Every structure is written in C-alpha cells, then in structure tokens.
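As you go down the protein sequences, you meet chains A and B in turn. In terms of UniProt numbering, the first sequence is residues 1 to 316. In terms of UniProt numbering, the second sequence is residues 1 to 203.
It should be emphasised that the hints constitute simulated quantities derived from the structure, not laboratory data. Check before you lean on any hint, since a few could be wrong.
[Unchecked claim] The calculated label-pair distances, taken between Cβ atoms and stated as ranges, are:
| no. | chain 1 | residue 1 | chain 2 | residue 2 | range |
| --- | --- | --- | --- | --- | --- |
| 1 | A | L135 | B | R177 | 21 to 31 Å |
| 2 | B | R94 | A | L135 | 48 to 58 Å |
| 3 | A | E133 | B | P90 | 47 to 57 Å |
| 4 | B | R45 | A | G65 | 51 to 61 Å |
As the structure is a computational prediction, the values presented were derived from the model and not from experiment. Using N, Cα and C, we set each Cβ at its ideal position, and we do this for glycine too.
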Amino acid sequence: MSRQMLLRVTEVEPLTPLVTRFRFEHPERAALPLFSGGAHVVVEMPDDGVLRRNAYSLISDPYDGSGYEIAVRREDTGRGGSRFMHGQVATGTDLRVSLPLNLFALDPRAKKHVLIAGGIGITPFLAQLRQLERLQQPYELHYAARSQAEAAGLKLLPQTAQVHVHISENGDRMDPGALLEGQPIGTHAYVCGPEGLIAAVMDAGARLGWPPSALHAEAFAAPPPGEAFRVTIGSTGAEIEVGPHQSLLEALEAAEVEVDWSCRGGACGRCETGVRACHGRIEHHDHWLSPEERAAQTKIMPCMSRFRGDRLVLDL
Amino acid sequence: MPNTQFSPSIDSRPVYPGLTPHGASPAIMVADAEGAAALRELAARDASVMDRAQVVLAAGGAAGLAEARALQALQPKGVSHEPDLAAALPLLRRLLAEARMGTRLYLAGSEGLIGQVSALALDAGLPADAIESEHRGPIARRMQCVHCKGITEGVTTDPFTCSHCGLTLFVRDHFSRRLGVFQGVCVDAETPGIIPEPQEIRP
Ligand code: FES
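One chain only, chain A, in its complex shape:
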C-alpha cells in the first residue's frame, strides 16, 4: 500500500453539472511532494462503513506543492466513490490521500507531444500542459467532448493556439487519423478517455506505421461492475463474497486479507495475486498480465478483474 497523507479539502468548485474540482491542502499548510504531469493519487473514502479507494489524476501544476487538485465526474450508476465525493465532501473535510504515482508520464525522448483527450480523460493532460509550458516543448492538445455544457476541461484549459476543442454536438468530431497523419518524427501521442477513443487512436497509429513506443494510453481505469462472485482464500479456506459494485481488492480489504496495491486500476502490477485453483473463467480487466498469463488463469489482478464460475482459490 502507498504511503498516505491526511489532507484537507480547501476548495470545491462545480465545473459542469456532473464534474466538480476539489483542492486538497495540508492542514498545517506544509508543502506537498511535487509530481509530474500524468500522475494520480488514490483518495480514501470512508463511505458508510465501506472504505473506498479511487484513483484520480492530478490536474494542478506539478511544480506547485501548495496543494493537489482533482476533477471528479459523478457516475450515478457507478460504484459510489464519485457519489461520495459529490455528496459528502465539502470544504474542511479531511481525507487520506496517497502519494502521487505516475503511470502516464510524458516521454522525455519526444520532440513533440500530441495529447488526445475524450471527456473526463482531459484530467491528466491538465497537469502535463503546465509541464510542457515550463519545458517549452512543442505540443498540441485535442479535446473531444459531447457538448459545450459537459466539457469540464473548458474552464481549466488555457486558450492557446495549441489547444483544439472538438464538440461533437456542434458537428465537430475528432478524427484520430487526421491528428496523427504527417507528424514529424519524434512525435509521441498520448490518449486518455473512453475505451473506444483509445482503440481508435491505437488503430490509427498502427495503420500509419507508428511504432508502439510512440503511442501512450492512460491505462488505469475504474474497476468495472459485474455479477457478484465468491473466492476462497487458499491459506485459511475462508470464503469471500464480492458484490456487483465492489472490486475483488475491495472485498479482500473489507475481509482484512492483506493485498499490496498502488494504482487500483490494473496498470502498475502491484496487486498481482496467484491462483491455486480455478474452476470457471477469470474476467481479466487489467493492462498488466500478458495474453499468455491471462489464458493460463494462474494469476489475477484483484483491483480490476472478476470471476465467473464455481470456485476460485487465491494464493493468499
């Protein structure tokens, strides 16, 4: 588990009807560790007896240690973490926040950066823009949103020639192929947003002959809901029930079974857990295990993945 700090919420600002910005500061105004654009923190939410931990990209200036800012989109059908932030957090609330960790950093070998955001996927780029401005590196940012009213990024983006906004409601749809075509060598592309957008950018890159190392996607995502399932702890034989809106990691934590974690989004590899027996099918949702490892069903990433079947015995 990452080291944590107890931070105080000092600003709450609705950006759109669904998205709210939160600012955290140290209660004694101590400086917080600096980070790099693309980093996220995990916020701990004691919600009615359930301890939720959600990862959020930092949107504030990476060079400013006076506070951390995040933007949270309310997902009414979701797992409750975002509802907790929207419903129960106000100025003055103290919350446990992990140290920043970056799994979506700018590539220092790049000569130019093309940043592609869809919807709330704009968040990691807000911090990266500050870093790029500071480093004086060439970039362009393309931000796609459904409507003007839903585009939370509009309030936070600088109005510069490098920032391009595509509002699909106004008939301006982003074309990933057109963004990547004809870029000079040394260009790296970064995408964060819905899975469809990530796939479209990756496909366009592959079609245009971009090598994989120049295409970056924010891999971590919120754990997907699913049907309830049951797992067995190998060492004790204990049976643990995982609810439809709970991740396996959360269920293990609630049962006080210790599992290491960091990103809670299937990207860092820290929660990797061995499987002793599997009668059924593991639904892998992580970006960590290789296709061979997935097929073997001998490992699971509890932060993201689920199970369907009779019996899953974990090596815990």
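Following the hints, position chain B with the ligand against chain A.
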C-alpha cells in the same frame, strides 16, 4: 552471406535481428557494400518496401558502383551513392529532419554503420522500434576511448591502441546508444606496461 550471429552478451550490447519488410511505408535505407545484399534480399521478399524508400549506399570503388546499379534496378524512390558513411551523413541528417512518423529505417552493414546511423536517428527523434538492422560483413567495431573520448573506427583486435591518445584499450561490450560506439577501457591502468597479447575479436 546471412546476418552475422553474435555470441550472447550483456544487455547493452546491440543485437541485429535482421531486416523485416514493413510494406510500402515511407523508408530510409542505409547500407555499405556488404549490407547492400541484405537490402536486395529484403526487396526480394516484399518488392513493395522499395515503393517509398530513399536508399543511401555508402560504398566506394567498383563494388560500390555495381551495388548502386543493382539497387537502382529495384526501383526505389531514390538512390544516393556516396563513397563512405562520412560523406553520406549530411544527406542522412536532412532525410531524417524531413521524415514523418511512420517512416522506417532499414540499416544493413557493419556495426559502425548501424551504430552511427541509429544514434543519428534516435537523436532526430525516431523511436528505436522504427529501426530495423542486419549485420553484414566484417565484425570490426567502432570504439570510443573512455579516457580521451576519441573514436577509433574499424577495430579488429582486443586490446587495441587508441588512435587519439595512444592508450592500449580493452574492447568491451558496453555500448553507447547515444554515440553509437562501444567503450574501450585502458587495459594496463593497474599494471602499467603489462599488456595481453592482442587477439582477433570474434563475433
Ligand atoms: S493495484 Fe495496480 S494493478 Fe492492481
């Protein structure tokens, strides 16, 4: 003569897996007299690799002329023929500066050629996974003296004498990707004058 098989070594030692065609994507191809055969074989496997390829041949003499004609016959977008790599560097710099993402770099020939052009390309921003390489010809190495930083080309024995400062240097597998050179380290620093018998370096 196929791609040279080198013995396994430390991770920093470059490996040259051989050229794989990537269809008609834009390409820059660089070869010396021995490497030109690898380009011809590449085109024999997939003729479309030549459609948008700028070929740079760094090879002097009669062999160079013959290879230039053979490559021309494959009808690439262009062939530039230079007597050696040093003469080809300004052109390569320009081709790289103008290249767009999606461009492949195919390198075939000596370790010195592959190392030097790779370094130039990486510096221009080309990602390493856009570079294909195949080793052909002699296994002479391009060595940098870690003491005076001078570069000695075509080193075939271990140890060898630095052509700049005159120290006797041990041929290491440590490779600088940034400079495209292997590192040579003084062999008798601890025991001045005690120098092992030079051996022919092996793949
Ligand atoms: S905690 Fe990072 S992969 Fe599960």
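Against the structure, the hints:
| no. | hint | verdict |
| --- | --- | --- |
| 1 | L135/A <-> R177/B: 21 to 31 Å | holds, 22 Å |
| 2 | R94/B <-> L135/A: 48 to 58 Å | violated, 27 Å |
| 3 | E133/A <-> P90/B: 47 to 57 Å | violated, 34 Å |
| 4 | R45/B <-> G65/A: 51 to 61 Å | holds, 56 Å |
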